[in-house]
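Q: Here is how the chains run, residue by residue.
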Amino acid sequence: MSSTPPRIAFDPVAARAEFPALAMSVNGHPLVYLDNAATSQKPRAVIDATSRYYETSNANVHRGVHALSVRATELYEGAREKVRAFVNARETAEIIFTRGTTEAINLVANTLGARIKAGDEIVISAMEHHSNIVPWQMLCERSGAVLRVIPMGRDGDLFFGEYRGLLNERTRLVSIAHVSNSLGTVNPVREMIAAAHEMEIPVLVDGAQAVPHQRVDVQALGADFYAFSGHKMFGPTGAGVLYGKRALLETLPPWQGGGDMISSVSFTRTTYNTLPHRFEAGTPDIAAVVGLGAAIDYLNNLGFEAIEAYEQELVAYAVERLSAARGVTLIGTPKHRAGVVSFTLEGVHPHDVGMILDHDGIAIRAGHHCTQPVMDFYGVPATNRASFAFYNTREDVDRLVAGLDSVRKVFKS
Amino acid sequence: MSDMRELYQEVILDHHRHPRNFGKLDNANRHAEGFNPLCGDRVTVHAHVDNGVIDDVSFEGSGCAICMAAASVMTDEIKGHTVVEADALFERFHHLVTDDADESAEDLGKLAVFEGVREFPVRVKCATLPWHALKAALHETKIVSTE
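Chains Z and F, in that order, are what the protein sequence lines are.
Following the working numbering, the residues of the first sequence are numbered contiguously, the last one being 413.
Following the working numbering, the residues of the second sequence are numbered contiguously, the last one being 147.
Hint data in this document are derived by calculation from the structure and do not stem from the laboratory.
Any given hint might turn out to be false.
To be verified - Cβ-Cβ distance ranges computed for the label pairs, FRET-style: (1) Z:142 with F:38: 55 to 61 Å; (2) Z:272 with F:3: 56 to 62 Å; (3) F:37 with Z:329: 20 to 26 Å; (4) Z:376 with F:18: 24 to 30 Å; (5) Z:308 with F:5: 38 to 44 Å.
None of the values given here were measured: they were computed from a predicted structure.
No residue lacks a Cβ here, since even glycine has one placed at the ideal position from N, Cα and C.
Hey, can you work out the whole structure from these sequences and the hints?
A: Rendered as structure tokens:
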């Protein structure tokens, strides 16, 4: 038995140096980027992989005999294998490239959704992003199905008992966030999936806010579907992933029709391609997929153990400093938190907070974070959200807290 | 920080903290709601218009300091004016917060405190949202009987 090797301290300053955008000044101040839950910055390796693809390999995939097309296809399919290993799927056939999390969820809502009937039920949670609410509402409108919502407490944790109570013989799917984008709550998805599986209900996990912060193993979780975006995990915009269990994907009808998703087409009959291509109609964002592959290499190189430990410490520090700051109220105090801290500042609307912080070079998100039901739940029109990545430092947190002092000075509060 | 103070002038902070004409209006015969989905600012304007004159006006809603102050100052300034005058004032206010030098703030009264908004294009919508709601109300996008 080998003992655990001593943990090497993670060096955020060295990681930072790999991100050209983080060296910028904004409004005369060095940038403090705390809007990572909206989108992350990109390391040099990802930017280079994307431009190198265009410079050396640009062609369409899966359709050419010439050298460039072969190269482009190898890069594209190579990235699929990287994604497979990244989330520990059994095979690449289970990895479908989409534009992002939103499209991945819509794909399921429109394919699995095709067999949903009036009276069926879909279960989501009170803390879902609009992209994990609206596709199901649209499906319910089309089909007459009913949307059921798992409630949560003021602390921002879901009520597990109530969740179990919602599951019944009419439930056709559970669709839940792994990590809440507005509260930072890490939901107990493994336990939630197990509870659904006891009743043979499939579960889709919206992993958009989880994959940048922790190692995700879809098999260990037992997820039937797992959706995430490349751009929140240091890859380019335009490429995301839907993981689906083969056995389930094979039962789904095709969604978008077009090139690449077919096997043969005539005017009387079309046969469809095999997985995963059946769900990838048209030319994909090849460069973004290649960039996503580079982002995975980059993350693997850093190592999630180091990232996670460092971030947990950093976010705990942010929670501690913000809790102690004058006039600040934290929104949500979940048991397990990843990457996100939402708060309000007494007497100052988040829009004003965000703007005055920007004046000091500090980028946060001010608004409803595409979770209006969460805002309604807490009775606030909007919140300030600081969201972190491994390249953020304690100094960034200190600058944020000092920035809030400037806000109070402007508002004389 | 200096230009932040130019934007968040004392008058704006005062109207934000103590909004004038805030609440429902019992005898209102015009209502309209303005909403900015980007930041969630929401303003409902109620007005009583008689013979083309805005006898009384109020607003409700929530939003940033710029939006709330703009609504408060607006209701103060247009009370007693005709609908035609209110339209003209909106036109001038819009120029004030968007154009570089076109609009002189001199005779715009208290509205002049919003001149600083032009330096921050993303905030123009905050300052003009109450005016858009007012315009919709005055031009009877939705008439509600007082009976």
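Q: Which numbered hints does this structure break?
A: The structure breaks only hint 1.
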